[in-house]
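Below are the chains, spelled out letter by letter.
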Amino acid sequence: EVQLVESGGGLVKPGGSLTLSCAASGFDFSRTWMSWVRQAPGKGLEWVGQIKSPNGGGTTDYAAPVRDRLTISRDDSKNMVYLQLNSLKFEDTAIYYCTALSTWGGVIVMSYWGQGALVTVSS
Amino acid sequence: DIQMTQSPSSLSASVGDRVTITCRASQSISNYLNWYQQKPEKAPKILIYGASSLPSGVPSRFSGSGSGTDFTLTISSLQPEDFATYYCQESYSAPRTFGQGTKVEIK
Chain Z
1 EVQLVESGGG LVKPGGSLTL SCAASGFDFS RTWMSWVRQA PGKGLEWVGQ
51 IKSPNGGGTT DYAAPVRDRL TISRDDSKNM VYLQLNSLKF EDTAIYYCTA
101 LSTWGGVIVM SYWGQGALVT VSS
Chain X
1 DIQMTQSPSS LSASVGDRVT ITCRASQSIS NYLNWYQQKP EKAPKILIYG
51 ASSLPSGVPS RFSGSGSGTD FTLTISSLQP EDFATYYCQE SYSAPRTFGQ
101 GTKVEIK
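Chains as they are written, first to last, in my numbering: chain Z, 1 to 123; chain X, 1 to 107.
Note that these hints are calculated values from the structure, not bench results. Watch out, some of these pointers could steer you wrong.
The list that follows gives simulated cross-link-like pairs (lysine-lysine, DSS-like), each with its CA atoms no further than 25 angstroms apart [claimed, not checked]: (1) X:K42 with X:K103; (2) X:K107 with X:K42; (3) Z:K43 with X:K103; (4) Z:K43 with Z:K13; (5) X:K45 with Z:K52; (6) X:K45 with X:K103; (7) Z:K78 with Z:K52; (8) Z:K89 with Z:K13; (9) X:K39 with X:K103; (10) Z:K43 with X:K45; (11) X:K107 with Z:K43; (12) Z:K43 with X:K39; (13) X:K107 with X:K39; (14) Z:K43 with Z:K89; (15) X:K107 with X:K45; (16) Z:K43 with X:K42.
Everything numeric in this text was worked out from a predicted model, so none of it was measured.
So here's chain Z without its partners, still in its complex pose (with noise of 0.2 angstroms):
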């Protein structure tokens, strides 16, 4: 069984950092490309940003939103994704959610999503 499981949500300070973790088990982890998504509370889903496999080159591509303030990496032997937050903004405060990407039919789809881990950036 396919599990992502987020950790390390929270109450964090505006202008403070935050990391995110996601678990991985149930897939061939170090062949699959990873995403996190966030949801502000009431509002809609945005794509935050993707960790390639190390087969596809283990790059990164980020939303222009948090491109100077994101890090998306990933420990292909624990089967972990992470996502580091910096300088947080109260917009910042979201469900983010931990996504596997698999290409079906020539597709990238996020075939799985974690829980979500809520993040509540506030003073």
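Following the hints, position chain X against chain Z.
Frame of chain Z, contents of chain X only:
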């Protein structure tokens, strides 16, 4: 970056109704278009990929069509469990932009 525009933002419908949601991309994305369903307090799940393909387990009342810039999600006969928010997402390139969502509510 590619912009995705969904319409309507919300709709009210009755059980058994046919429901159509549209999604427009700001440039051609071929068939690199996915639809996700999100129920309250739950993570989204993939509903349709590649504009028209259904993953295993998704009921056949859901269908998708379109190519290029214009796409449609259709629910042929709305069921109680289909009341949710639906998002399109382009999978053509990063950033993989989502539409703003369509909330399907009970009339």
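Structure-based check of all given hints:
A threshold of 25 angstroms between alpha carbons decides the hint, and for K42 of chain X with K103 of chain X the separation of about 14 angstroms falls inside it, so the pair holds. Of the supplied pair hints, the one linking K107 of chain X and K42 of chain X holds, its CA atoms being roughly 22 angstroms apart against a limit of 25 angstroms. At roughly 11 angstroms between alpha-carbon atoms, K43 of chain Z and K103 of chain X fall within 25 angstroms of each other, so this suggested pair holds. Taking the CA atoms of K43 of chain Z and K13 of chain Z, the gap is about 21 angstroms. The hint holds against a cut of 25 angstroms.
Between K45 of chain X and K52 of chain Z the CA atoms are separated by roughly 21 angstroms; this keeps the pair inside 25 angstroms, and the hint holds. Distance restraint check for K45 of chain X and K103 of chain X: the Cα-Cα separation of roughly 15 angstroms lies within the 25 angstroms cut-off, and the hinted pair is therefore satisfied. Taken as a hint, the K78 of chain Z and K52 of chain Z pair is honoured in the structure, with Cα atoms around 16 angstroms apart against an allowance of 25 angstroms. Of the supplied pair hints, the one linking K89 of chain Z and K13 of chain Z holds, its CA atoms being roughly 8 angstroms apart against a limit of 25 angstroms.
As the CA atoms of K39 of chain X and K103 of chain X are separated by approximately 10 angstroms, the hinted pair is consistent with the 25 angstroms bound. Using a Cα cut-off of 25 angstroms, the hinted pair K43 of chain Z and K45 of chain X holds, with the two alpha carbons roughly 17 angstroms apart. For the proposed pair K107 of chain X and K43 of chain Z, the alpha carbon gap of about 22 angstroms is at most 25 angstroms, so the pair holds. A threshold of 25 angstroms between alpha carbons decides the hint, and for K43 of chain Z with K39 of chain X the separation of about 13 angstroms falls inside it, so the pair holds.
Between K107 of chain X and K39 of chain X the CA atoms are separated by roughly 17 angstroms; this keeps the pair inside 25 angstroms, and the hint holds. Restraint check: the Cα-Cα separation between K43 of chain Z and K89 of chain Z comes to about 17 angstroms, which is no more than 25 angstroms; the hinted pair holds. Of the pairs offered as hints, the one joining K107 of chain X and K45 of chain X holds, with about 24 angstroms between alpha carbons and a cut-off of 25 angstroms not exceeded. Of the supplied pair hints, the one linking K43 of chain Z and K42 of chain X holds, its CA atoms being roughly 14 angstroms apart against a limit of 25 angstroms.
When held up to the earlier numbered hints, the structure conflicts with none and fits them all.
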